[in-house]
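One line per chain: the protein sequences are A and B, in this order.
In terms of the numbering used here, the first sequence is residues 1 to 399.
In terms of the numbering used here, the second sequence is residues 1 to 293.
Read the hints as simulated data drawn from the structure, not as lab findings.
Take these hints with a grain of salt, some might be off.
Some residues of chain A that are not near chain B, with every Cβ distance over 12 Å (derived) [what the hints assert, rightly or not]: (1) L64; (2) E93; (3) S104; (4) L324; (5) R340; (6) A373; (7) E379; (8) K386.
Calculated cross-link-like contacts (lysine-lysine; reagent style DSBU-like; alpha-carbon spacing at most 30 Å) [what the hints assert, rightly or not]: (9) B:K198 with A:K72; (10) A:K249 with A:K322; (11) B:K27 with A:K88; (12) B:K250 with A:K322; (13) A:K301 with A:K260; (14) A:K234 with A:K301; (15) B:K27 with B:K198; (16) B:K34 with A:K71; (17) B:K250 with A:K72; (18) B:K198 with B:K34.
Built from N, CA and C at the ideal position, the CB exists for glycine as well.
As a plain string of letters, each chain reads:
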Amino acid sequence: MKAYDAPCKRRDFLKKLGLLSGIAAGSVAVPGLPGFGPPGPGPSGSALAQAGSEGSFRPQDAALKEALFYKKHAEMEVECELCPKNCKVGDIERGYCGVRENRSGVYYSLVYARPCAVHVDPIEKKPLFHFLPGTSAFSIGTAGCNMDCKFCQNWEMSQARPEQTRNYLLEPRELVQNARQTNSASIAFTYSEPAVVAFEYMLDSAREGNKENVRTVMISNGYINREPMLEALKHLGAVKIDLKAFTEKYYKEICDATLKPVLDVLLLLAKSGVWYEIVYLVLPTLNDSDSELTSMSRWVKRELGPDVPLHFSRFYPTYKMKRLPQTPNSTLERARNIARSAGLNYVYIGNVPGHEGESTYCPACDRPVIRRAGYSILERNISNGKCVQCGQKIPGIWR
Amino acid sequence: MVVVARKKRGSDASVSFYADLLQASLKRLTGAGKAEDAWARFFAPDDIVAVKVNSITGRRLSTSPALVTAIARGLRSCGVPEHNIIVWDRMTWELEKAGFAVNFAREAPLCFGTDAPSVGYESSPTELGAVGSCFSRIVTQHATALINVPVLREHALAGVSIALKNYYGAIHNPNKYHSDGCSPFVADVSTHPDIRGKTRLNICDAVKVQFHGGPGYKPKRVSHFGGILVSTDPVALDTVGTHEIDKLRKSNGLRTLREEGRYPAYLSIASDERHALGVSDRSRIDVINMELA
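Okay, chain A solo, but in the shape it has when bound:
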């Protein structure tokens, strides 16, 4: 019996791999960082209950940074142009994300250099499978998100405001230093949606990191407008986009967002030359029909090409989706088969440690190029970006 199929042993297996502790899964916490507060909220439901336990957070105390990409209107109103929500925000109000505030007609980010979660993660956890495999990513997340996905695993951060999380102070330069000290090859803006809502922080960190050969990766829902995305692409090393589903209905009802802008961002990425991968979290009955998976896979092949890695991830019940069961392996395998039949070369199964779908296979000779279990690499059969067995070029950033 394969490990992932053993019902009684699964929990022990996950424990062994550290997968039962939410953000902390596979992560190493970073002690002794400057600023206040311990590492950010875990999955135990404590973050919001602890709000303010470090004393009353005053947004005026934060390292305020004027936001990029916004317009000023009459009556001190501003219009955010960062994401497709295009929030119109009155004086003393915040945008939908909860972390950008209008103060007398000037729009500010309240999370610049204020991550609430800081960990060293394997890059495979993002997941990025074709980008510096086996390296660490110095991973940070801030409060806030521009969606409200009912299945969010990190909702205590993503749906919180910065005064409700316990935050570090970590300037871009310090972030890069910490990445270097922990031998991290990259900095990941991850966990919630810091890539979009902490856009200015990500950009400045990427600029600093590029000076030191520490690349910045954007782990994102891809719900960002064209101009800011183009700006970000000038500085990023890699991008992972969560494609939540392939219908507007799902995006509206489950995520409080829209699909089209995400597809537009994927099209931008396809032309950009920046490495990117796609994750599709499979929710039983909601986005797992044959027709939807087929349409999505064909679209990816047609518009983005056959070599974009596509990860089908298992859903676990949480937040506002506690009544739905976790995704069966059979569903994930069906999704993978559909995508491969559509002509995609690199299709993975995620959140099922030990599954053969975690490994990379050479599309020419079908043999494993990188064999993985959880976030660990068990075997590498790749050299200079080529399959050692047949010489087939495997797309990615390998060093």
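Fit chain B to the supplied structure of chain A, relying on the hints for placement.
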């Protein structure tokens, strides 16, 4: 019934100014002969009464601390001990900035935000219609009774921000609920069983009214009104309050909210069968206008 009580003179917004208005309003609302009897219709000595103010705009247009002092006196008059009164909002620093004396001790009414140590929000969200939020534990765990004390102001996105919207200050994620004129979200928030069940009075501070440009303070768009609005029905209070805002808009050369297509849709939603939070049809609301000397 909504009592609109105003004073011709003495509009210095002192404690006694508010106390006079409160006494007159509550006696009219309850039919009681004495103010303390009126307070006793709503509160018992063993109640823990949480007074939800609106402090987001600082001293310029927040709930007046003098009004809250008058409310605390009223509560004491019916036997509620001072340490059973909690004056609260989202953030402690916002309360301070609005002129409230933050107090964690037990000698006087307590005053702090949901962000205070050991307070916080519920650890999982409650789903109510279109809303999914963690509610302040002041509402869910500490208080046995609530008094909602908003201000009277127009709101660029919601149309108005009066009693119903004041409870956005009880949830952890109000930023998620400002689209579509805040409808139906404003109404949904107030269907939380603890808000619906514990709110016994709505007392709107209407000494100053922001009739345009809210929620931020715009001095040129603020008018003196010199009164308070009191009701047990938050929807009726908001409906009457919206009418007063519209009157001020017209007299200042602005179009009404309805003419601008910004009349708060959440009012009729709040009064529908599912929400049943009160009356939004102004013709069915008994409006008592009182003008005190």
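Pair hint A:K301 and A:K260, alpha-carbon separation not exceeding 30 Å: 17 Å, holds
Claimed clearance of chain B by A:A373, with the beta carbon kept past 12 Å: Non-interface label stands for A:A373: nearest chain B Cβ at 33 Å, farther than 12 Å.
Pair hint outcome, B:K250 versus A:K72 [Cα-Cα no greater than 30 Å]: Within the cut-off at roughly 27 Å; holds.
Non-interface claim for A:E379, where every Cβ of chain B lies beyond 12 Å: Consistent with the label, A:E379 stays out of reach of chain B, its closest Cβ about 42 Å off (over 12 Å).
Proposed proximity, B:K198 with B:K27 (alpha carbon, max 30 Å): This hinted pair holds, its Cα atoms lying about 21 Å apart.
30 Å Cα cutoff - pair B:K27, A:K88: Violated, at roughly 43 Å.
Hinted pair A:K234 and A:K301, Cα distance within 30 Å: Within the cut-off at roughly 25 Å; holds.
Beyond 12 Å from each Cβ of chain B, as asserted for A:K386: Since the minimum Cβ distance to chain B is about 48 Å, A:K386 lies beyond 12 Å and the statement holds.
Pair hint outcome, A:K249 versus A:K322 [Cα-Cα no greater than 30 Å]: Holds - the C-alpha atoms of A:K322 and A:K249 are around 20 Å apart, at most 30 Å.
Restraint check for B:K250 with A:K322, where alpha carbons must lie at most 30 Å apart: 50 Å, violated
Nearest-CB test (12 Å) between chain B and A:R340: Correct as stated: the minimum Cβ-Cβ distance to chain B is 37 Å, above 12 Å.
Pairwise hint evaluation, B:K34 against B:K198, where the allowed Cα distance is 30 Å at most: Roughly 24 Å separates the two Cα atoms, so the pair holds.
The structure shown violates the earlier hints numbered 2, 3, 9, 11, 12, 16.
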